[in-house]
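**Q** Below, each chain spelled out in residue letters.
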Amino acid sequence: MTPIDASETAEKGKRLMPGAPSVTLTAWQRQQRGLTVSLMALPTVAMIGVFVMPLLVLLWMSFGGGSKTGFSVQGYIDLMQPVYLKLLMFTLQLAFITTVLCALLAYPLAYLMVNVSSRFAAWMGVVLFITLWLSFLARTFAWIIILQRRGIINNFLVGIGVIDSPLELVYNKLGAYIGMVHILLPFMVLTLIPAMKAIDPAYVRAGLSLGASPAKVFRDIYVPLSLPGLVAGSMLVFTLAFGFFITPAILGGGRAPTIVMAIRDQIQQLGNLQLAAATSMVLLVFCLGLLFLYDRIAGIDRIYDKGGK
Amino acid sequence: MKSRFGLSALVALAMSLPIGLHAAEAPAEFKGTGKLVVNNWGGPTVEKMHAAWYGDFPKATGIDVTFTSIPDVAKLKIMNQVGNVEWDVVDFEGAQMLQAMKDDLLEPIDYDLMFKLVPKEQLDPAQMTKYGIGSIAFGTIMAWNTESIGKTGPANWTEFFDKTKFKGRRALYARPKPTLEIMLMADGVAPKDIYPIDIDRAFKALAKFGPSVDLWVEKTSQWDVLIQNKEVDLMGSSLGRTVTQIDKGEPLAINFNQSIMEQSFWTIPKGAPNVKDAQKLVAWMAQAEGERASLKLFPYYSVANKTAYDGLPNELLAKMPGTPEHSANSLTINAQWWLEHDAEVQTRWLSWLSSR
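So the protein lines, in turn, are chains A and B. So in my numbering, spot 66 of the first sequence is number 436, and the numbers just go up one at a time. So in my numbering, spot 336 of the second sequence is number 349, and the numbers just go up one at a time.
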């Protein structure tokens, strides 16, 4: 940016600042301000309507809003049962391990897609997108076909004589992890790619020309610069995994019960919207707490950084 | 492909029957002009089923019918709260209907109107309640793979869990209902003595028999995959799904002893856009012709109109849970009990499930 640009922006900012009495606005400036306000109105209303309102309604419902019994903290009292803590802990574990596995798998994948020929990268991108378009349920059942006792993997291993009886690959926690990592991996890859693309190759060249080994350049230059993508990706994957329901329910074979299954039962079986809303609010607070912790460790504001700046 | 042609032929046959009998015959009070939205369980078969069920209702009455899925009391509750009920007729499970009644979400069924079309004595009184008339009852049944287990399978739920007598992998629904009932029957309780459920005894039995279940099934659609791939040998599975797989040639046998039936009901939500016409459709669907046509398509449900079974071939009756022989020692889910105890059972169930 040139200094002239900067001063102009500052000027404009001052002029647009409401309640700056020393500046008299011309008709053109007033019109410009009106335009800015009206253009901003739409996203503001959308933000409130789509995100803030439903949350407030949920909060209201969690205290018995809209129910026959009136306002109470009964929903939160009902939550004080050890089973909910147990389900929450397992769900956290599931989401955390899934996120770590996704990060470990996605990083080299994204690196490959960014750093090899663009045609190959384009093909891999297509494959990733196709996976995203297929329904969760179809992909979940596809994993059953692969992992089950008479599935592709077991038939092959038994056929070549490596094992005598089929391995238990699905309908347990392992199956749940495989399914979740598969479904969430594209999200991690697709957030990593732009972050890696934004890394200026000059930094890497500079490091190499100054005599650092490729491994050192990768560790000390490339990885830190790609961190924004990793932070954003892991937040996205963790949040999605936290709320995942159908894949662990089916592939887990009853051995991977998550807190979301409890919410499902609260709504569909018990019709207890207050309890379901209270559970969701607790989950939300929990997620925000984790986010705060994550911010302290990794720095969420990195997401808005551009690679290399 | 073959079975699909077979089915469409059946549909054509089923649909041609009531048209011949009823075309433009609807009594004056059944005429209308509106459009009804029926909310039911969806899936690939539901349209055929309803085509058979209501037959020429739109033609005879002038009232159009469209479908949505799936019945959900919580959703209805919210639609009711905001004053925008979208459904005219809902196919609720028994427990769902009671839940909806508790929240005062349903309109009473107009039986006077129904009896103008269907003689009262044809209908099963057990399925005629103030806010709903029996639509179908679906079954959970003992089934086994005849190749791995043999022609003779478990005679009751106690034998079902007998690991020395039947070596193989077992699957049940990952739900407390009807798992608690199954556990009690395995523990030696006769179907007629199940209710009120002794919850402590049921969970004790679950602790005993539960570990021999290899796989807990989340969705009904999983049975097809499990059966076709021979993932399990013994199962407490959906009667409809199992019979369909047997008809496709899978080596399975079923046993109606201690089978579990759960009754669903046609209901009309309070504040539905078109309550009057909804009453007409609900009455219309209680007629024997439509119910018989639907039984021919899906010979594994039971229906409210007892005369619907008349004239059905024996090989169809052999699969049906509603015949006297098959229902002799079956258990019907007590929806009232579940409504009162669901919350307590649900937490204990989840706690058991998550402690393994």
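Because the hints were derived from the structure by calculation, they are not lab data. Computed from a prediction, not measured in an experiment: that's the story for all the values here. Cβ coordinates follow ideal geometry from the N, Cα and C atoms, glycine included. Take the hints with a grain of salt, since some may be wrong.
[To be verified] No farther apart than 27 Å at their CA atoms in a straight line, the calculated lysine-lysine pairs in the DSSO-like style are these:
{"hint": "1", "chain 1": "B", "residue 1": "129", "chain 2": "A", "residue 2": "438"}
{"hint": "2", "chain 1": "A", "residue 1": "543", "chain 2": "B", "residue 2": "243"}
{"hint": "3", "chain 1": "A", "residue 1": "438", "chain 2": "B", "residue 2": "221"}
{"hint": "4", "chain 1": "A", "residue 1": "543", "chain 2": "B", "residue 2": "221"}
{"hint": "5", "chain 1": "B", "residue 1": "90", "chain 2": "A", "residue 2": "543"}
{"hint": "6", "chain 1": "B", "residue 1": "180", "chain 2": "A", "residue 2": "438"}
{"hint": "7", "chain 1": "B", "residue 1": "72", "chain 2": "B", "residue 2": "61"}
{"hint": "8", "chain 1": "B", "residue 1": "176", "chain 2": "A", "residue 2": "543"}
{"hint": "9", "chain 1": "B", "residue 1": "221", "chain 2": "A", "residue 2": "456"}
{"hint": "10", "chain 1": "B", "residue 1": "243", "chain 2": "A", "residue 2": "456"}
{"hint": "11", "chain 1": "B", "residue 1": "283", "chain 2": "A", "residue 2": "543"}
{"hint": "12", "chain 1": "B", "residue 1": "90", "chain 2": "A", "residue 2": "438"}
{"hint": "13", "chain 1": "B", "residue 1": "143", "chain 2": "A", "residue 2": "543"}
[As the list claims (entries may be wrong)] Computed beta-carbon distance windows for the label pairs:
{"hint": "14", "chain 1": "B", "residue 1": "178", "chain 2": "A", "residue 2": "435", "range": "50 to 58 Å"}
{"hint": "15", "chain 1": "A", "residue 1": "441", "chain 2": "B", "residue 2": "365", "range": "49 to 57 Å"}
{"hint": "16", "chain 1": "B", "residue 1": "224", "chain 2": "A", "residue 2": "505", "range": "27 to 35 Å"}
{"hint": "17", "chain 1": "A", "residue 1": "495", "chain 2": "B", "residue 2": "95", "range": "54 to 62 Å"}
{"hint": "18", "chain 1": "A", "residue 1": "573", "chain 2": "B", "residue 2": "224", "range": "42 to 50 Å"}
{"hint": "19", "chain 1": "A", "residue 1": "440", "chain 2": "B", "residue 2": "211", "range": "54 to 62 Å"}
{"hint": "20", "chain 1": "A", "residue 1": "668", "chain 2": "B", "residue 2": "369", "range": "31 to 39 Å"}
{"hint": "21", "chain 1": "A", "residue 1": "435", "chain 2": "B", "residue 2": "117", "range": "27 to 35 Å"}
{"hint": "22", "chain 1": "A", "residue 1": "411", "chain 2": "B", "residue 2": "284", "range": "56 to 64 Å"}
{"hint": "23", "chain 1": "B", "residue 1": "201", "chain 2": "A", "residue 2": "527", "range": "36 to 44 Å"}
{"hint": "24", "chain 1": "A", "residue 1": "531", "chain 2": "B", "residue 2": "164", "range": "48 to 56 Å"}
[Stated by the list, open to error] Non-contacting residues of chain B with respect to chain A, defined by C-beta distances greater than 12 Å in every case (computed):
{"hint": "25", "residue": "189"}
{"hint": "26", "residue": "237"}
{"hint": "27", "residue": "266"}
{"hint": "28", "residue": "358"}
**Q** Mind checking the hinted window 50 to 58 Å against the Cβ distance between residue 178 of chain B and residue 435 of chain A?
**A** 55 Å, holds
**Q** Compare the distance between the alpha carbons of residue 143 of chain B and residue 543 of chain A with 27 Å, and conclude whether the hinted pair is satisfied.
**A** 46 Å, violated
**Q** Can you confirm whether the C-alpha distance between residue 221 of chain B and residue 456 of chain A stays at or below 27 Å?
**A** 22 Å, holds
**Q** With 12 Å as the threshold, tell me whether residue 189 of chain B passes as away from chain A on beta-carbon distances.
**A** 9 Å, violated
**Q** Need the status of pair residue 543 of chain A, residue 221 of chain B: alpha-carbon distance at most 27 Å?
**A** OK: residue 543 of chain A and residue 221 of chain B at ~22 Å, within 27 Å.
**Q** Can we trust that residue 358 of chain B is non-interface, i.e. its beta-carbon lies farther than 12 Å from all of chain A?
**A** 9 Å, violated
**Q** Indicate whether the distance between the beta carbons of residue 668 of chain A and residue 369 of chain B respects the range 31 to 39 Å.
**A** Hint holds: Cβ distance 34 Å, inside 31 to 39 Å.
**Q** Using the Cβ atoms, figure out if residue 224 of chain B sits within 27 to 35 Å of residue 505 of chain A.
**A** Holds, since residue 224 of chain B and residue 505 of chain A (Cβ atoms, about 34 Å apart) stay within the stated range.
**Q** Beyond 12 Å from every Cβ of chain A: is that where the Cβ of residue 266 of chain B lies?
**A** 20 Å, holds
**Q** Holds or violated: residue 543 of chain A and residue 243 of chain B, Cα atoms, limit 27 Å.
**A** Satisfied, since the Cα-Cα distance of roughly 21 Å is no more than 27 Å.
**Q** What's the verdict on residue 176 of chain B and residue 543 of chain A, does the C-alpha distance respect the 27 Å limit or exceed it?
**A** 24 Å, holds
**Q** For the pair supplied as a hint, residue 243 of chain B and residue 456 of chain A, is the alpha-carbon distance within the 27 Å limit?
**A** 33 Å, violated
Hint check: violations occur at hints 1, 3, 5, 6, 10, 11, 13, 15, 17, 18, 19, 21, 22, 24, 25, 26 and 28; the rest are consistent with the structure.
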